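Student: One letter stands for each residue in the lines below.
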Amino acid sequence: MELQKFTYDNKLTNYFIWATVGWGVTAMLVGLTAAFELIFPNMSGEISWLVFSRIRPVHTNAAIFAFVGNGFFAAIYYSMPRLLKTPMYSKPLGNIHFWGWQFIILLAAITYPFGLTQSKEYAELIWPIDILVVLVWVVFGLNMIMTLVKRRVKHIYVAIWFYIATWVTIAILYIVNNLAIPVTWYLSYPVFGGIQDALVQWWYGHNAVAFFLTTPILGMMYYFIPKVANRPIYSYKLSIIHFWALIFLYIWAGPHHLLYSALPDWAQALGVVFSVMLIAPSWGGMINGLLTLRGAWDKVREDPVLKMFVVGVTAYGMSTFEGPMLSLKTVNALSHFTDWTIAHVHIGTLGWNAMMNFGMIYWLIPKLFKTKLYSVKLANVHFWIATLGMLFFSIPLYFAGFTQALMWKEFTAEGFLAYPNFLETVTQILPMYYLRAFGGSLYFIGALLFTYNVWKTAAQGSFMRFENDEAAPKPAPSPKESGHRKLEGRPLQFTVVALIVILIGGLIEIVPMYLVKSNVPTISAVKPYTPLELEGRDVYVSEGCYLCHSQMIRPFRNETERYGEYTKSGEVVYNHPFQFGSKRTGPDLAREGVKSLPNYKPNSWHYSHLVNPQILSPESIMPQYPWLAENEIDLSVTPKKINVMRTLGVPYPEGYEDQAVADLQAQYNKIAKGLRDGGIDVGDNKEIVAMIAYLQRLGTDVYNAK
Amino acid sequence: MSVIILLVIIGIVVAGLFLLGFIWAVKSGQYDDMYSPSVRILFDDATESTNEVDEKNSSTKSEIK
Numbered sequence: 000m001e002l003q004k005f006t007y008d009n010k011l012t013n014y015f016i017w018a019t020v021g022w023g024v025t026a027m028l029v030g031l032t033a034a035f036e037l038i039f040p041n042m043s044g045e046i047s048w049l050v051f052s053r054i055r056p057v058h059t060n061a062a063i064f065a066f067v068g069n070g071f072f073a074a075i076y077y078s079m080p081r082l083l084k085t086p087m088y089s090k091p092l093g094n095i096h097f098w099g100w101q102f103i104i105l106l107a108a109i110t111y112p113f114g115l116t117q118s119k120e121y122a123e124l125i126w127p128i129d130i131l132v133v134l135v136w137v138v139f140g141l142n143m144i145m146t147l148v149k150r151r152v153k154h155i156y157v158a159i160w161f162y163i164a165t166w167v168t169i170a171i172l173y174i175v176n177n178l179a180i181p182v183t184w185y186l187s188y189p190v191f192g193g194i195q196d197a198l199v200q201w202w203y204g205h206n207a208v209a210f211f212l213t214t215p216i217l218g219m220m221y222y223f224i225p226k227v228a229n230r231p232i233y234s235y236k237l238s239i240i241h242f243w244a245l246i247f248l249y250i251w252a253g254p255h256h257l258l259y260s261a262l263p264d265w266a267q268a269l270g271v272v273f274s275v276m277l278i279a280p281s282w283g284g285m286i287n288g289l290l291t292l293r294g295a296w297d298k299v300r301e302d303p304v305l306k307m308f309v310v311g312v313t314a315y316g317m318s319t320f321e322g323p324m325l326s327l328k329t330v331n332a333l334s335h336f337t338d339w340t341i342a343h344v345h346i347g348t349l350g351w352n353a354m355m356n357f358g359m360i361y362w363l364i365p366k367l368f369k370t371k372l373y374s375v376k377l378a379n380v381h382f383w384i385a386t387l388g389m390l391f392f393s394i395p396l397y398f399a400g401f402t403q404a405l406m407w408k409e410f411t412a413e414g415f416l417a418y419p420n421f422l423e424t425v426t427q428i429l430p431m432y433y434l435r436a437f438g439g440s441l442y443f444i445g446a447l448l449f450t451y452n453v454w455k456t457a458a459q460g461s462f463m464r465f466e467n468d469e470a471a472p473k474p475a476p477s478p479k480e481s482g483h484r485k486l487e488g489r490p491l492q493f494t495v496v497a498l499i500v501i502l503i504g505g506l507i508e509i510v511p512m513y514l515v516k517s518n519v520p521t522i523s524a525v526k527p528y529t530p531l532e533l534e535g536r537d538v539y540v541s542e543g544c545y546l547c548h549s550q551m552i553r554p555f556r557n558e559t560e561r562y563g564e565y566t567k568s569g570e571v572v573y574n575h576p577f578q579f580g581s582k583r584t585g586p587d588l589a590r591e592g593v594k595s596l597p598n599y600k601p602n603s604w605h606y607s608h609l610v611n612p613q614i615l616s617p618e619s620i621m622p623q624y625p626w627l628a629e630n631e632i633d634l635s636v637t638p639k640k641i642n643v644m645r646t647l648g649v650p651y652p653e654g655y656e657d658q659a660v661a662d663l664q665a666q667y668n669k670i671a672k673g674l675r676d677g678g679i680d681v682g683d684n685k686e687i688v689a690m691i692a693y694l695q696r697l698g699t700d701v702y703n704a705k
Numbered sequence: 000m001s002v003i004i005l006l007v008i009i010g011i012v013v014a015g016l017f018l019l020g021f022i023w024a025v026k027s028g029q030y031d032d033m034y035s036p037s038v039r040i041l042f043d044d045a046t047e048s049t050n051e052v053d054e055k056n057s058s059t060k061s062e063i064k
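Protein chains in written order, with numbering that gives the first Met the number 0: chain A, 0 to 705; chain B, 0 to 64.
Don't take every hint at face value.
Below are the BS3-like pairs computed for lysine-lysine, each with C-alpha atoms no more than 30 Å apart in a straight line [unchecked claim]:
(1) B:K26 to A:K567
(2) A:K236 to A:K371
(3) B:K26 to A:K669
(4) A:K153 to B:K26
(5) A:K473 to B:K26
(6) A:K226 to A:K376
(7) A:K328 to A:K226
(8) A:K236 to A:K10
(9) A:K84 to A:K473
(10) B:K26 to A:K328
(11) B:K26 to A:K236
Worth flagging that the hints you see were computed from the coordinates, not collected in a lab.
Just so you know, these numbers come straight off a predicted model, no measurement behind them.
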């Protein structure tokens with residue numbers, strides 16, 4: 000058969016690599032800043048856009064979507080054409096994908112520090128940017144699917160299966176989790192409320208880990224480890240089993256983020272069972288990756304690229320062992336809300352994701368620039384300080400998590416909490432926070448060495464943009480082949496079908512509207528927020544308070560003793576979005592407003608505490624929020640907020656929007672008068688008063704009914 | 000908790016898509032040969048790299064559109 004000639008274009012692979020390098024360093028720098036802010040809370044001073052709670056989403060999003068995302072895009076644009084023996088389908092689509100993605104990241108990095116957020120972890124982007132994400136994702140998918148259609152090789156190598164699963168699943172998850180009704184161009188309320196919203200968010204959240212941080216990187220592993228080691232994968236059959244088992248099991252694991260919450264028990268059990276089962280395919284994959292290197296360990300000793308891959312795959316194995324373990328209810332009871340989770344995810348990102356990215360780039364840059372790596376020695380140094388940095392980061396945090404959880408749970412012989420003051424449990428683990436920042440610094444220095452090394456490598460070579468290759472055309476499908484094979488020969492029809500599949504995701508948007516009815520509370524004492532409290536809630540969301548304060552009291556004696564009655568699902572029905580949180584760097588706030596509980600604080604305390612927490616608790620690691628006393632609420636939006644909330648099923652009476660501002664001001668003046676009488680000079684329409692009103696409302700409804 | 004029903008439906012639909020993908024893969028003979036694909040990727044390197052597109056021999060132009 001005659002061979003066809005064609006040319007690969009390395010331009011976008013190269014672009015994606017440099018984007019990975021640049022955003023990787025950025026993500027780590029922001030993360031390091033956040034780590035230091037937890038030790039020196041007033042590092043951000045009066046600069047609102049530098050405060051921990053606003054830059055934490057910048058860090059997580061940059062690490063996930065910018066660093067890891069661009070990394071696997073580079074892998075896809077490099078490996079797919081070579082595996083399928085055809086160039087990527089379209090250069091314009093590729094360019095839109097690249098520049099569109101960078102533009103989205105830039106918008107994220109600008110909007111988060113200004114407090115524009117939906118407050119859903121790893122899905123914080125405001126709604127106009129969400130739409131952009133979906134568009135760019137569709138462009139990426141089209142480019143990938145059409146490349147697949149045009150392939151010259153019949154067999155689709157396992158790496159590509161992982162890429163496809165990534166695209167399909169993220170598209171669906173992202174759309175469902177971001178269903179919301181806009182209030183203004185920067186604000187929207189999610190369609191789901193309370194426990195429903197929490198479930199959707201963590202169904203998304205866990206699958207973002209599964210299909211954005213795991214499957215595409217496994218694709219990378221299955222392509223690059225064999226290529227670099229020049230060995231076939233240990234067992235191709237195992238890789239196929241790994242793939243199908245993994246994607247079938249992963250989509251059900253989400254509820255393990257909501258153990259002991261108000262989520263029904265059967266849903267929690269479902270999440271636990273599937274999470275535990277996940278260990279089988281995950282470890283199958285790890286073993287497959289590591290055993291590929293059997294008989295090649297001499298190469299691993301020499302080659303920093305393979306070293307990175309070995310640590311990467313091992314970290315994958317460690318975090319996929321830890322994941323199922325943390326999903327067991329007994330372990331989760333201890334680990335949830337503590338730094339244990341932070342340690343766990345960093346084994347995943349610093350160990351698995353980043354090491355795979357580093358290894359791939361150390362291998363690809365010399366290849367693309369037709370030269371040798373500038374300094375193998377420097378790469379080895381990077382390998383060691385990155386590995387040590389990761390361990391110095393995570394191990395202290397494991398101890399911090401254990402220590403703090405055990406302190407929370409400890410009772411004295413008389414039956415009182417041994418550490419009734421939450422702050423004691425924080426100061427106890429501060430030394431671990433120092434070590435974490437040290438580990439993070441090491442890791443960051445490693446990333447700088449990496450950048451320098453690949454930069455010098457590129458500078459000493461010259462970029463080979465094109466590569467010519469040849470292959471036999473794919474045999475034409477026989478007439479009696481199945482529908483899918485026929486579709487493959489007709490790109491246009493295939494595109495239409497692909498689009499319909501995506502649109503189904505969009506159509507699902509209509510269904511939730513029928514579900515709104517279920518937001519009717521089962522607890523009659525639970526009433527909607529007053530307009531001022533609603534405004535305060537939006538400030539709470541915008542500042543990112545949920546990143547350090549949970550609003551979910553679990554049914555344990557130590558928690559009900561410390562925080563009051565455990566949280567019921569009927570109490571949170573009007574919460575669009577939910578604010579359970581997933582970490583307690585500070586105490587839980589679910590019942591902050593209940594006067595009969597030990598945590599209750601008067602308005603004036605909240606005012607002083609928000610402006611400068613250290614005045615009241617010198618050892619507190621909460622940052623100052625002085626701008627809350629300066630910024631004003633935009634009263635022109637309040638009626639719109641009421642309207643949107645009513646659409647979502649929150650029972651504000653018809654026409655209440657006209658009265659909302661008057662009600663707001665009445666409540667405002669009452670609180671402000673109290674503050675002014677106490678000698679605090681608070682102005683009109685300040686955010687801080689709205690925030691206080693919201694905090695004082697938290698958890699009170701069921702207590703008032705008693 | 001009606002949203003859980005929605006999520007279960009979506010979960011089943013996604014799993015169903017995966018199942019169809021799996022059945023297609025098996026039926027179309029993707030997994031007939033469980034050995035050579037793993038070896039083949041080691042020999043798929045391009046024949047030459049260049050900074051010029053080989054206009055005459057390249058099918059890139061027609062591919063790009």
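Student: Hint by hint, note whether the structure agrees.
Tutor: Hint check:
1. With a CA separation close to 50 Å, the supplied pair B:K26 and A:K567 exceeds the 30 Å bound.
2. A hinted pair counts as satisfied when its Cα atoms are at most 30 Å apart, and A:K236 with A:K371 does not qualify at roughly 34 Å.
3. Annotation: proposed proximity of B:K26 to A:K669 is violated, straight-line Cα distance about 72 Å (limit 30 Å).
4. For the proposed pair A:K153 and B:K26, the alpha carbon gap of about 13 Å is at most 30 Å, so the pair holds.
5. Our distance criterion of 30 Å between C-alpha atoms is met by A:K473 and B:K26, whose separation comes to about 18 Å.
6. For the hint linking A:K226 to A:K376, the alpha-carbon distance of about 22 Å falls within 30 Å, and the restraint holds.
7. Simply put, A:K328 and A:K226 have alpha-carbon atoms about 41 Å apart, too far for the 30 Å limit, and the pair is violated.
8. At most 30 Å may separate the alpha-carbon atoms for a hinted pair to count; A:K236 and A:K10 exceed this at roughly 34 Å.
9. In summary, the hint linking A:K84 to A:K473 is supported, as the alpha carbons are separated by about 10 Å, within the 30 Å threshold.
10. For the proposed pair B:K26 and A:K328, the alpha carbon gap of about 41 Å is over 30 Å, so the pair is violated.
11. For the given pair, B:K26 sits about 16 Å from A:K236 by alpha-carbon distance, which is consistent with the 30 Å threshold.
In this structure, the earlier hints numbered 1, 2, 3, 7, 8, 10 are contradicted, and the remaining ones agree with it.
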